[in-house]
Amino acid sequence: MQDQILIEMQGVQKWYGGYQAIRDVNLTVRKGEKIVLCGPSGSGKSTLIRCINRLEAIQQGSIVVNGHRLDDSIKAIDVVRQDVGMVFQSFNLFPHMTVLQNCMLAPIRARRIGKIEAEATARRYLERVRIGDQAEKYPAQLSGGQQQRVAIARALCMQPKVMLFDEPTSALDPEMVKEVLDTMIGLANDGMTMICVTHEMGFARQVADRVIFMAEGQIIEEGAPEAFFRNPQHARTRQFLGEILAHH
Amino acid sequence: MTPHFGLPEFGFLLRGLQWTVLLTLVAFAGGCTAGLAVALLRTCGHKGVEWITRIYIGIFQGTPLLLQLFVVYYGLALTGLKLDAFVAVAIGFTVNASAFLGEIWRGAIQAVPRGQTEAAMALGLHYSSRMRDIVLPQAIRISLPATIGYLVQLIKGTSLAAIVGFIELARAGQIVSNQTFQPLLVFGVVGAMYFILCWPLSWWGSRMEARLALASQR
Chain A
-14 MQDQILIEMQ
-4 GVQKWYGGYQ
6 AIRDVNLTVR
16 KGEKIVLCGP
26 SGSGKSTLIR
36 CINRLEAIQQ
46 GSIVVNGHRL
56 DDSIKAIDVV
66 RQDVGMVFQS
76 FNLFPHMTVL
86 QNCMLAPIRA
96 RRIGKIEAEA
106 TARRYLERVR
116 IGDQAEKYPA
126 QLSGGQQQRV
136 AIARALCMQP
146 KVMLFDEPTS
156 ALDPEMVKEV
166 LDTMIGLAND
176 GMTMICVTHE
186 MGFARQVADR
196 VIFMAEGQII
206 EEGAPEAFFR
216 NPQHARTRQF
226 LGEILAHH
Chain B
53 MTPHFGLPEF
63 GFLLRGLQWT
73 VLLTLVAFAG
83 GCTAGLAVAL
93 LRTCGHKGVE
103 WITRIYIGIF
113 QGTPLLLQLF
123 VVYYGLALTG
133 LKLDAFVAVA
143 IGFTVNASAF
153 LGEIWRGAIQ
163 AVPRGQTEAA
173 MALGLHYSSR
183 MRDIVLPQAI
193 RISLPATIGY
203 LVQLIKGTSL
213 AAIVGFIELA
223 RAGQIVSNQT
233 FQPLLVFGVV
243 GAMYFILCWP
253 LSWWGSRMEA
263 RLALASQR
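Residue numbers (this note's numbering), protein chains in the order written: chain A, -14 to 233; chain B, 53 to 270.
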């Protein structure tokens, strides 16, 4: 089943008014694949993954997630969101709930799981991101890195088939980046299917099966990390890699 | 001979105070319920519905409350619907409060960061859960100082009910004052009664505001 297709995007186009954010994107993600999306800011990479769980609507093309075609119906959106977990740049934890409540809410409300089971699941995933001892605290009492790990655990509690990461380390202080990346690497090693928008090229080299470079709403180039970094084909890619690797 | 301000007069004022409190409670409860509906409709994302709600708010914020009370009491009577004075002013205040509270809460709902709703959507939560579990608990906290401030205005504003013959605290004071010719004493007592109702609320409201300001600094 390693070849099972989890996400299939075909001819996806998206406009904001007159501005075209996504131009004819085709992307197939197989089960267990780890994909890193990179590109300059404004290139549409965040928008693209936000289309997968319908935080953004597309105007043309089709998106199929785990066999379910994403259209405008609430039912289709529901089904897809149950299969797709997302981690945001700004964590977006619910500030008025404890860490544990953050992790229990969606399974109880959306999956209709009982409280006891939801709590057991939540504690298991909080242990897994090594934050089990903070379960009773509120998000504001945690560091940025801890909050992002809670956000990962919260998404995992819904037992998604795919995890989307939207610049998960960009809002973190440098010393906290590693703990979040380590958590993501652990998840990758466990076989989770992942699409990560990130500029962490070390992470890309270590875990990605494919690196995709986007600019101006288009996929410019994609390839295995070794080839992508050593021998980029397009001038645009070389320029981008030159800019970001110069800082590392 | 003219009676002096004594226990019976004080009792009369207390009954006026009771009606003021009761009218405030009914108007506030009704205004909260209808105001919540107004706030939710105003932020529902459907252009037509949002416009209708905006017009509703515009009408009740843009015309004098006095006029609205006249319309409910005398206007509805003309159509054959004769309402008891208390019922009429309760309806008038409820509708008016729903427009003001609806607008206060609309602002509070929109002040909850967009990322909260997005995270909830990404987790597969439906509109009802997103509102009940995520947005409203945060919006209510944000709106608490303004809501309390409105409640204080409402308590004092109920004196307008006197215009259709409803005897609440201010009107009771006027009656007693006319009987006793002791306006300073009588209105002093009336003022003290309003103050005892309003001041603790105002104090609580500003304390909430200070705490919220502190929380948002973190």
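Among the clues, some could well be false.
To be verified - If you only want the chain B side, here are some residues facing chain A, beta carbon under 10 Å, derived:
1) 89
2) 176
3) 178
4) 245
5) 261
6) 265
Said to hold, decoys possible - In silico negatives: residues of chain B with every beta carbon more than 12 Å from chain A:
7) 64
8) 82
9) 103
10) 108
11) 173
12) 177
13) 179
14) 186
15) 189
16) 193
17) 201
Just so you know, the hints here were simulated from the structure itself, not pulled from any lab data.
Just so you know, these numbers come straight off a predicted model, no measurement behind them.
Ideal placement from N, C-alpha and C gives every residue a C-beta, glycine not left out.
Here's how the hints hold up against the structure:
no.	hint	result
1	89	violated, 22 Å
2	176	holds, 4 Å
3	178	holds, 7 Å
4	245	violated, 37 Å
5	261	violated, 18 Å
6	265	violated, 15 Å
7	64	holds, 47 Å
8	82	holds, 27 Å
9	103	holds, 21 Å
10	108	holds, 27 Å
11	173	violated, 6 Å
12	177	violated, 6 Å
13	179	violated, 9 Å
14	186	violated, 6 Å
15	189	violated, 5 Å
16	193	violated, 7 Å
17	201	holds, 22 Å
Violation of the numbered hints given earlier is confined to hints 1, 4, 5, 6, 11, 12, 13, 14, 15, 16; the remaining hints are satisfied by the structure.
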